[in-house]
Amino acid sequence: MHQIASDQHMKELATSLRQFVEENFLFGVPVPYSNDDSLLERSIIDSTGVLELITHLENAFHIMIDDEELVPENLDTINNMARFVARKQALACGGTTEAGGAAVEHTSFE
Amino acid sequence: MCGIAGVFQFDGRGACPEQLWAMIAQVRHRGPDAAEVLVDDPVGLAHARLSILDPANGRQPMRTSDGAIAITFNGEIFNHVELRETLRACGHRFHTRSDTEVILHAYREYGEKCVDHLNGQWAFAIWDKPRQALFLSRDRLGIHPLFTTECKGKFHFASEVKSLFVVPEVRRELDPRGLSQLFTLWTSLPPTTVFRDIEELPPGHNLLVTRNERRCCRYWQLDFTPDRRGRAVSEWSEELLALLTDATRLRMRADVPVAAYVSGGLDSAVTAALARRVAGDRLRTFSVTFDDDEFDESRFQRVVVDHLGTAHQSLCCRTADIARVFPDVVWHAEKPMLRTAPAPLFLLAKLVRETGTKVVLTGEGADEVLGGYDLFKEAKVRRFVARQPDSLTRQALFAKLYPYLPGFQSQSPAMAHAFFRAAPEDLVDPLFSHLPRWNTTSQLRRFLEPGFDATREQDTPYGWVRDALPADFAQWHPFCQAQYLETAILLPGYILSSQGDRAALAHSVEGRFPFLDHRLVEFAATMPPRLKMKGLREKHLLKQVARDLVPLQTIARSKQPYRAPDAKCFFAADWSAASHDYVDELLSPRRVRAAGVFRPDAVEHLLRKIRAGRAAGVRDNMALVGILSTQILVDQFVENFASHQRRPAGPPAVALPDSQLLRPGEAVGLPSTHAPSPGPVSFPLEEYVCEDHCLPSITGTHHAPDCQ
Chain A
1 MHQIASDQHM
11 KELATSLRQF
21 VEENFLFGVP
31 VPYSNDDSLL
41 ERSIIDSTGV
51 LELITHLENA
61 FHIMIDDEEL
71 VPENLDTINN
81 MARFVARKQA
91 LACGGTTEAG
101 GAAVEHTSFE
Chain B
111 MCGIAGVFQF
121 DGRGACPEQL
131 WAMIAQVRHR
141 GPDAAEVLVD
151 DPVGLAHARL
161 SILDPANGRQ
171 PMRTSDGAIA
181 ITFNGEIFNH
191 VELRETLRAC
201 GHRFHTRSDT
211 EVILHAYREY
221 GEKCVDHLNG
231 QWAFAIWDKP
241 RQALFLSRDR
251 LGIHPLFTTE
261 CKGKFHFASE
271 VKSLFVVPEV
281 RRELDPRGLS
291 QLFTLWTSLP
301 PTTVFRDIEE
311 LPPGHNLLVT
321 RNERRCCRYW
331 QLDFTPDRRG
341 RAVSEWSEEL
351 LALLTDATRL
361 RMRADVPVAA
371 YVSGGLDSAV
381 TAALARRVAG
391 DRLRTFSVTF
401 DDDEFDESRF
411 QRVVVDHLGT
421 AHQSLCCRTA
431 DIARVFPDVV
441 WHAEKPMLRT
451 APAPLFLLAK
461 LVRETGTKVV
471 LTGEGADEVL
481 GGYDLFKEAK
491 VRRFVARQPD
501 SLTRQALFAK
511 LYPYLPGFQS
521 QSPAMAHAFF
531 RAAPEDLVDP
541 LFSHLPRWNT
551 TSQLRRFLEP
561 GFDATREQDT
571 PYGWVRDALP
581 ADFAQWHPFC
591 QAQYLETAIL
601 LPGYILSSQG
611 DRAALAHSVE
621 GRFPFLDHRL
631 VEFAATMPPR
641 LKMKGLREKH
651 LLKQVARDLV
661 PLQTIARSKQ
671 PYRAPDAKCF
681 FAADWSAASH
691 DYVDELLSPR
701 RVRAAGVFRP
711 DAVEHLLRKI
721 RAGRAAGVRD
731 NMALVGILST
741 QILVDQFVEN
751 FASHQRRPAG
761 PPAVALPDSQ
771 LLRPGEAVGL
781 PSTHAPSPGP
791 VSFPLEEYVC
801 EDHCLPSITG
811 THHAPDCQ
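Residue numbers (this note's numbering), protein chains in the order written: chain A, 1 to 110; chain B, 111 to 818.
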């Protein structure tokens, strides 16, 4: 059963993801970008940065990301990521033990 | 290979010999065998010699027997034998076997066009007394360095910037434009350097300096206009082999043994095999190996060495060694670097020199000239995918790129596609091939304090590169465009300098590069791109040609570019702390703030990420190495130069009374019919005493220079 993420939850996710991007990829330097900007096109993350992003999503939000989910539609903007994480969390809360259980062991993409 | 320096004074005063000695002292590592200074009123020339050809008579600065033309020259003219014969037929008389004398006579015969007759690698300055003109030249591809600066009525030049910095009037500051270029393109773009007021003579250029004029002219240009004669592949391969063989033969000319580097890859295997044909089993070879499997190529090196049967030695480079010598490497490179890869080659050159070897051949240039770089492959795939962006089959080709990068290989095809995806407007951009690399690197500029980032919205390194492109660049094949950018920018700016000339000459070792023989470069530029990269098979034609020279295994192995460990060299194995005090010190907020180049907070963020063991990405590694090397540079060249520079110990400046100074009319380096003069003063390496000059000032107070 899918749980629709509340606006508030989405906002919190987006804020948390922005904070990670700013800490991890922008090193605290103020760079204007919107939640719908492509992080790859803006060169905010590079090709290996995507791996850091995935590791962070899995660790911070206790989700497991399947290979087929590694697509820009899920990962390339703050809003896409927030929606993706919310969806994965909803799946996990909905009792799909497969996702929830695996997330504990699968802590690093690398 | 040598070090040169000099001055042209316009203020009516004579050149100062003490200052010339101080300048040449800074580059004594380039030429430890002798040093001499020549003063001819407004002009002074200085030379530090690494004796390779005609050790007894090739002394420099050298001048014609009538004293009219004098030269200080760093480099080698490989066709000096043939050119001497040509000049002799024109009536020139020679007194030495040295190539230096050949340049003097070629200048007299052909004037500034003399460079068109030279096959070699050079940086020189010729004082043409009758014209009252100083003529400087740098080789076609930028193998040897040449820097200039002008202030307060004096024009100075030198092989290395440190020689210019001993001139009191020259200010020592970093240049924001040069830094912006380097933190985008991996190097500054000549004439810009990372130092304010210091210019680099671009490769393939001459500079004429008179009292009233500075005329900088390009005398050579890479030209990728294709050969339209429809030659068969066999003709291309025959000529390639003939040129390579001759280029190597010429580069074996020396009065000292010539050795070869063996990296384990194809290019150095080919040069070593061709050198072996000339030198026989006396050929010595050298390799660098790593204690880290990700970078080590020793088993491939062994295959080549066993096949050739050379006397081989290797140096095992540990990650700790890289951090230990890194400040010395920066001192010699004189510019920030984004990778540590020059450090192992710096260490290898030390080993080479310790064996008594002065000259090595390497395979440098083959990847640029014959199409070996992964970047060329990447550009080809990106362009191919861009034609049908939705094709999953085409997107799958991204997985064939960079097989040696574990981080890249963990990438999903969809995300790799998103990263490398080309927008329609990118396809027509002349810089298409290099945009992913440069876009990634340019993000490092975020670390720069605003005052040190010279880029503005419409004024960026990309624009500066575009403005300097050859007129017919747009007509060239995209593969050739990529080759041009790599050969014109990264080759001279990093590969041949930080990783080449500077790393080798730090230990008085000269590198020679058969693949960069201009005849071969010009020939390869006209070759159809499909012979360089057939499908995704790089250096296709070279592999064909190499079949009779090197083991098949060397040809068949997948390409692994030379790399070295980066950020991890500077930290403990668990990343929790820096491995050396100087790393902690120079990256401390206090020193970062004092240098003023980078944002201290951003550097702190980066260090936190590294210490947490999370800085695995390419960009983080480049950021750390780039910031650290810049901080070292500031320490050595801006803040504490006095404690890092070398000074001539006692004799040359002190024991050189005016009466002993060389005067116009005295023969230098050439047998003369004049009465014997006191002659130039030579001094051995031991007369300089200043070791460990590169250790950064850790306490903030200056070291007392350990000079006498």
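Quick caveat, the hints were computed from the structure, so don't treat them as lab data.
No experiment lies behind these values; they were computed from the predicted model shown.
One or more hints might be untrue.
Claimed, not checked - Take a look, some chain B residues computed to stay more than 12 angstroms from chain A by CB distance: (1) 323; (2) 348; (3) 714.
Stated by the list, open to error - Computed footprint of chain A on chain B; a stretch qualifies when at least three of its residues, placed anywhere within it, have a C-beta under 8 angstroms from a C-beta of chain A: (4) 516-522; (5) 526-540; (6) 553-567; (7) 722-730.
Glycine included, C-beta positions come from ideal geometry on N, C-alpha and C.
Checked hints:
The beta carbon of residue 323 of chain B sits about 44 angstroms from the closest Cβ of chain A, which is more than 12 angstroms, so the claim that it is off the interface holds. Distance to chain A confirms residue 348 of chain B as a non-interface residue, since its nearest Cβ pair spans about 41 angstroms, more than 12 angstroms. Separation of residue 714 of chain B from chain A is inadequate, the least Cβ-Cβ distance of about 8 angstroms not exceeding the 12 angstroms criterion. Coverage of the region 516-522 of chain B by chain A holds. Counting CB-CB distances below 8 angstroms, 6 residues qualify, and the rule asks for three or more.
Taking a C-beta to C-beta cut-off of 8 angstroms, the region 526-540 of chain B contributes 4 residues in contact with chain A, enough for the three needed, and the coverage statement holds. Under the rule that three or more residues need a Cβ within less than 8 angstroms of chain A, the assignment of the region 553-567 of chain B holds, with 3 such residues. Interface restraint, the region 722-730 of chain B with chain A: holds (5 residues with C-beta to C-beta distance below 8 angstroms; minimum three).
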